[in-house]
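So the sequence lines, in the order shown, correspond to chains R and E.
Per numbering that gives the first Met the number 0, residue 0 is the first one in the first sequence, and the count goes up by one each step.
Per numbering that gives the first Met the number 0, residue 0 is the first one in the second sequence, and the count goes up by one each step.
No wet-lab data here; the hints were simulated from the structure.
Among the hints, erroneous ones may be present.
Claimed, not checked - 30 Å max Cα-Cα, derived DSSO-like pairs, lysine-lysine:
hint, chain 1, residue 1, chain 2, residue 2
1, R, Lys69, E, Lys352
2, R, Lys260, E, Lys352
3, R, Lys162, E, Lys293
4, R, Lys62, E, Lys225
5, R, Lys40, E, Lys162
6, E, Lys223, R, Lys225
7, E, Lys204, E, Lys166
8, E, Lys225, R, Lys162
9, E, Lys223, R, Lys166
10, R, Lys293, E, Lys162
11, R, Lys166, E, Lys260
12, E, Lys166, R, Lys167
13, E, Lys204, R, Lys69
14, E, Lys202, E, Lys352
15, E, Lys223, R, Lys40
16, E, Lys62, R, Lys162
17, R, Lys223, E, Lys293
18, R, Lys167, R, Lys83
19, E, Lys69, R, Lys167
20, E, Lys166, R, Lys260
21, R, Lys260, E, Lys204
22, E, Lys223, R, Lys52
23, R, Lys83, R, Lys325
24, R, Lys225, E, Lys293
25, E, Lys223, R, Lys83
26, E, Lys166, R, Lys202
27, E, Lys52, R, Lys62
28, R, Lys55, E, Lys167
29, R, Lys260, E, Lys260
30, E, Lys186, R, Lys260
31, R, Lys204, E, Lys354
32, E, Lys260, R, Lys225
33, E, Lys260, R, Lys167
34, E, Lys166, R, Lys166
35, R, Lys225, E, Lys83
36, R, Lys202, E, Lys223
This structure is a prediction, so every number in the text was calculated from the model and none was measured.
Below are the chains, spelled out letter by letter.
2 protein chains.
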Amino acid sequence: MKIIILMRSLIFFGVFSFPFFVKSQPPRGPLVVSPQINPDKTITFRYLAPAAKEVKLSAQFEKSPVPMTKDAQGIWSVTLGPVKPDIYPYSFQVDGVTVMDPANVGFFPNERFKASLADIPGDVPLMHAMRDVPHGTVSYEYYSSMEGSTGSLVVYTPPGYEKETSKKYPVFYLISGTTDTEETFFKVGRINFILDNLIADGKAKPMIIVMPYGNPLARIAEQKGKPKPADLVSREGADAISRAKVFETDLMTRVIPHVEKNYRALSDRESRAIGGFSRGGGQTLRAAFGNLDKFAWINCYSSYLSPAEMESNYNNIISKPEVTNKNLKLFWIGVGDEDFLYKPAVEFMDYMKSKNINYKSLISSGGHTWMNVKAYVAESTPLLFR
Amino acid sequence: MKIIILMRSLIFFGVFSFPFFVKSQPPRGPLVVSPQINPDKTITFRYLAPAAKEVKLSAQFEKSPVPMTKDAQGIWSVTLGPVKPDIYPYSFQVDGVTVMDPANVGFFPNERFKASLADIPGDVPLMHAMRDVPHGTVSYEYYSSMEGSTGSLVVYTPPGYEKETSKKYPVFYLISGTTDTEETFFKVGRINFILDNLIADGKAKPMIIVMPYGNPLARIAEQKGKPKPADLVSREGADAISRAKVFETDLMTRVIPHVEKNYRALSDRESRAIGGFSRGGGQTLRAAFGNLDKFAWINCYSSYLSPAEMESNYNNIISKPEVTNKNLKLFWIGVGDEDFLYKPAVEFMDYMKSKNINYKSLISSGGHTWMNVKAYVAESTPLLFR
């Protein structure tokens, strides 16, 4: 088997070398399997780095980075757990440098950090598991946005959408957090599988979910050939409010018209919901409170508005609670008890209560994580469009 | 502006901290803009690593890694170029560790390495530029695959597909290389923008492009809860042929029926094309030569089959060249003159010529790169379905 042995040296960066007589390429070293999810819910992480002095594993199910050990091939590994089934962001710290797992295609789309995803399945399929049920489709869609720019959307259409060509669907607009992208609810939140499962189980109504990018100012700058300035992604104080306004304008005047033109979308207010996580939750509250003629359903994940902003900008909402309560078919707020926004979120709820605004709330355990976001999506989307 | 200054310490891993009284989180350090494409086509790369001893930039437009220098904040940077406009994979080497650019969302989906993408626009928009033309949609689609597994496809539908609900379209099946994924032709190849532009310019027929994942054996193992074994992603000799057979079976018995059931796809052989890069090119040739009743158009990018395999497995193709030539509306082969598969690809062409099989070929400059793949797509898709 001389040819086969010879071939082992011919693997090249990102490509395949066919058998028989090809020009040699530098070897890529041994194949590494990582993460390996073991039947007992432990996870083995591996990273090839023969020359590294220290490699640690940093994962959202561990309080602090865990040392890994090196084998004779130079592969560092550690087995952790058993771990509670869920999807966890993780990365390697290689001599202090944070690195995604090169062997894992599952990753966290974000503008400021890179993490890989470890998916530990449950004995019973979890809310986000890819089950053998009818699957919806996730589409990357482009639209004409402000100042001549082209915006991008990720859109979930439910199972059957392509076939039932006379049916129209309600729409849930769903916004990611700061430095997340329009892909994050798909790639990390597994919004498609959560909805596929809820719909298959008869727990959620079939709906379209539209996921915009939350920072149109930065995108416009980029497309004008300007470097994306650092100050366009900073986010403080009054500035956050004015930027949320840009987002709201893009949503109301560009995104929604595009969706209602290109998808079979119901367009009455009771067929429109809006929700978001973190900064996207703030954008949600502002867009909804500023356009209550357009939205009847609000899902706020790990976010809030301050009483000061409510009183100066959304007096319409708090001054006539009976009208607000009649208009809002759902006002849902979820936050984790270890979330760094827990306290202001609870103050926001207390404030809304003091103003006699009705809401449903879920205080979960845990922090400002996508493990929690998935749980909030699974809890709140079944309540929509009822 | 005390509040604003205070807020600078509150930015948290992946999320946004709203103003006013939130629980403090560890700071993430200064915002880094990278890559910054400058008007003169130079590129500035930046990486934050105050404690690193040496950071280099490795890019496919440079022969070897380039040293970067550190500023007082701990941000390493280097400005390179001017660079010929195109999209180039790059990564940082931080004390010898290969790292994607954390500030850049553009990345190369691959099962074995992680690279970021730098997109240098042309003065005249390049073939893959996002121009202000009607845009198609890219969809992530799931299908019922072999052994009870669920396969995934990325599908491009052309501009107007959603609106012209009585129109049917030809389909181009397009397969990535080894360790690439079903996303690579979208995320790196920008197949959607290339086709949007060609269609807008009247150069290509509107078509559906279906991009499957090339390694169904590995996916099946994973979904059965088995760790993806290292030997399932090795690829040598006769083994490559038997694995291509599994792919072919999945394509013919699962993927195509799913597509023709769920999309408005023309289903005669003259409305079906197949193409692929590297390993995907080998899979293309085998699937096409084995199913010439199903495909009339072949695009082979940077790949080949050996004369030995042709003679043992595809005698039907070479023994009756007049029939083959009549059946093949297009047989297109592209390869780069620095491609490590250049020699066997040219031998393959010479062999086909010696057998009187007609083909069109493009020998480009450069290597086994996605810069070349994009060029091949732009050259060959206009020839389809004519």
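Each hint tested on the structure:
| no. | hint | verdict |
| --- | --- | --- |
| 1 | R:Lys69 / E:Lys352 | 52 Å, violated |
| 2 | R:Lys260 / E:Lys352 | 51 Å, violated |
| 3 | R:Lys162 / E:Lys293 | 25 Å, holds |
| 4 | R:Lys62 / E:Lys225 | 28 Å, holds |
| 5 | R:Lys40 / E:Lys162 | 47 Å, violated |
| 6 | E:Lys223 / R:Lys225 | 48 Å, violated |
| 7 | E:Lys204 / E:Lys166 | 13 Å, holds |
| 8 | E:Lys225 / R:Lys162 | 35 Å, violated |
| 9 | E:Lys223 / R:Lys166 | 36 Å, violated |
| 10 | R:Lys293 / E:Lys162 | 25 Å, holds |
| 11 | R:Lys166 / E:Lys260 | 19 Å, holds |
| 12 | E:Lys166 / R:Lys167 | 20 Å, holds |
| 13 | E:Lys204 / R:Lys69 | 54 Å, violated |
| 14 | E:Lys202 / E:Lys352 | 28 Å, holds |
| 15 | E:Lys223 / R:Lys40 | 15 Å, holds |
| 16 | E:Lys62 / R:Lys162 | 51 Å, violated |
| 17 | R:Lys223 / E:Lys293 | 45 Å, violated |
| 18 | R:Lys167 / R:Lys83 | 39 Å, violated |
| 19 | E:Lys69 / R:Lys167 | 56 Å, violated |
| 20 | E:Lys166 / R:Lys260 | 19 Å, holds |
| 21 | R:Lys260 / E:Lys204 | 24 Å, holds |
| 22 | E:Lys223 / R:Lys52 | 36 Å, violated |
| 23 | R:Lys83 / R:Lys325 | 41 Å, violated |
| 24 | R:Lys225 / E:Lys293 | 48 Å, violated |
| 25 | E:Lys223 / R:Lys83 | 19 Å, holds |
| 26 | E:Lys166 / R:Lys202 | 35 Å, violated |
| 27 | E:Lys52 / R:Lys62 | 28 Å, holds |
| 28 | R:Lys55 / E:Lys167 | 53 Å, violated |
| 29 | R:Lys260 / E:Lys260 | 25 Å, holds |
| 30 | E:Lys186 / R:Lys260 | 26 Å, holds |
| 31 | R:Lys204 / E:Lys354 | 60 Å, violated |
| 32 | E:Lys260 / R:Lys225 | 45 Å, violated |
| 33 | E:Lys260 / R:Lys167 | 21 Å, holds |
| 34 | E:Lys166 / R:Lys166 | 19 Å, holds |
| 35 | R:Lys225 / E:Lys83 | 19 Å, holds |
| 36 | R:Lys202 / E:Lys223 | 27 Å, holds |
When held up to the earlier numbered hints, the structure conflicts with 1, 2, 5, 6, 8, 9, 13, 16, 17, 18, 19, 22, 23, 24, 26, 28, 31 and 32 and fits the remainder.
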